[in-house]
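S.K.: Using the sequences plus the hints, can you model the full thing?
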Amino acid sequence: MTVSQALIEFLAHQYTVDGDVRERTIVGTFGIFGHGNVAGIGQALKQLSVEDPTLMPYHQARNEQGMVHESIAYSRMTRRRSTFACAASVGPGATNMLTGAAVATTNRLPVLLLPSDTFATRVSDPVLQQLELPHDASMSVNDAFKPLSRFFDRVNRPEQLFSAALGALRVLTDPVETGAVTISLPEDVQAELVEVPMEFLADREWHIRRPRPDRGIIAEVARAISRAQRPMIVAGGGVIYSDASAALREFAGATGIPVGMSQAGVGSLSWDHPQNLGSVGATGTTAANRAAAQADLIIGIGTRYSDFTAASRTAFQHPDVRFININIASFDAFKHGSALPVVADARESLLELAQALGGFHVSADFESDYTREKASWDAAVDESFVDRRLSLPSQAEIIGAVQQASDPRDVVVCAAGSLPGDLHKLWRVRDDLGYHVEYAFSCMGYEIAGGIGVARADTTRDSIVMVGDGSYLMMHSEIVSAVAEGIKFIIVLIQNHGYASIGHLSEDVGSQRYGTLYRYQDKAGNNFEQGEILPIDLAANAASYGLDVISIEPSPNAIADLSAAMRTAKASTRATMIHINNDPRLYAPDGEGWWDVPVAAVSTLPSTQRARTAYLAQQSRQRPLLGHGALERNN
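Heads up, the sequence shown is in this note's numbering, so the first residue is 5 and it goes up one at a time.
Label-pair ranges, simulated between beta-carbon atoms:
#1 G363 to E489: 47 to 55 Å
#2 P201 to S548: 48 to 56 Å
#3 R174 to Q51: 26 to 34 Å
#4 P628 to Q525: 41 to 49 Å
#5 E489 to S230: 49 to 57 Å
#6 P412 to Q525: 43 to 51 Å
#7 D276 to P323: 27 to 35 Å
#8 R219 to G23: 18 to 26 Å
#9 T375 to E533: 41 to 49 Å
#10 A141 to L170: 26 to 34 Å
In case anyone wonders, no lab produced these hints; they're calculated from the structure. Idealized CB from N, CA, C, for every residue including glycine.
M.R.: Right, here's the structure in full:
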């Protein structure tokens, strides 16, 4: 076989086993072909499509970054059990995948990248699209994948394929190490002959590890919780990937410990669960943030404590706050000077901890306090969803209308801009996989490709992409892929005529929305602030790709029209875009969180001077969050 033929057939026989679930590890291959891979990976896929079309499904993509985003979204929906291989040509085709690699690794989601590389023999050196570095002849653009990948190998000789392929699958299916996995394939080696042992092509199973906590540590954790006055759980994405939502629901209900959720952890509990206080941190709810500020014990489960989750280290204000971190990765379990790092699976840990705590329950006063705060926040969300019959409605009203038209198992998809913050606070999730916001890398352009990946993963749910015009303009070409394959998903495009999120942040730091508005350039003033709004017609753009498009015209009926459009889109079997304009200066309810974005120390602008004063006041609340090295023990 050729190296490419052997690799593609090998990938078709890999299976992930997670308890009673057995799924294909690589469910298909995305590919954009160029001179670097058309005779290698491209030929191998063509040959299999003739010999056995079901063995390795092939999917077209329009942008190499987009196909990686689709794969990442798919893997999240399958709780990291399955993903795609992404094949790209030499040079720019390969480097287009770098952003996707960073998204995958930052989010700890598996994807297999197969960038082509220049000739291993150097017989045609330098080839088209080759980067030449006089000081290092061995380096190519594919070396840029090394810091972004959890595993990297370059197959310079055919015989190296076997160890490279096995190493790649080991990392793809490892819940601690997973992320972007890269096998760099020189274009000549892809087409070379290799003798392939039959066992290399046989079905192979990769079992996901679910390690239980170390002996004795659960008893210490239970003792610490039983002594806490105001304990609180921070649920992260690990709860979702471990399929631990049911265990968390039972644990929180039995103990009365309230739960706040990171972006990746939304869905850990249904929004109306009595112990679910909603999002915590910079984009958190008042209920969760007030509980976090007073908590004397934080129990982190599957969270990496990003600056948004910890509100840039201002969320946890109790002078003696301690941290118990349950995480399968020791890197995360030891964060914030955790007094008791539990390096174990989230579900297994919760099940053992529930048994160890027995009849423990938080005090009635504490439960009454957070229940009251939850009710207050829920009322604030209800009020923000009320249709005020504005020609340009608020983003909160739009979210409310989409929420009310969605079904419990539908999935909302987002990544960047002002929408992730508003969705984190406002979206009332009713299913553990119903909230899909990529916020570890918050990659503009992820949304549409990610929404298609969600739709591929589960056709029994509607994938609802909520995206602003800023992110839409970054990458919308994968719409063509969805149309080509008849994939149904819904895009709700909110037209802000600029970057709404950074515009708001720009005001906060005293920069007056500079460079964030879509206007004709004022050359004399060196800005884009005074000119007329650009005549951008994104509805027409989407229609030109073959989408069904419903345009909501600015009027007092805009929200009612949006609700009707959602019903139409959900009833359709085709992909649909709903286009609506909004007023980006109408903000969602404030959750009392803070995010550290430094403000210029000196400025001639009064707006920046005021912002600096406000910044220093907030910065004074930051804490090192080193926790306590030890908890009290019984003698």
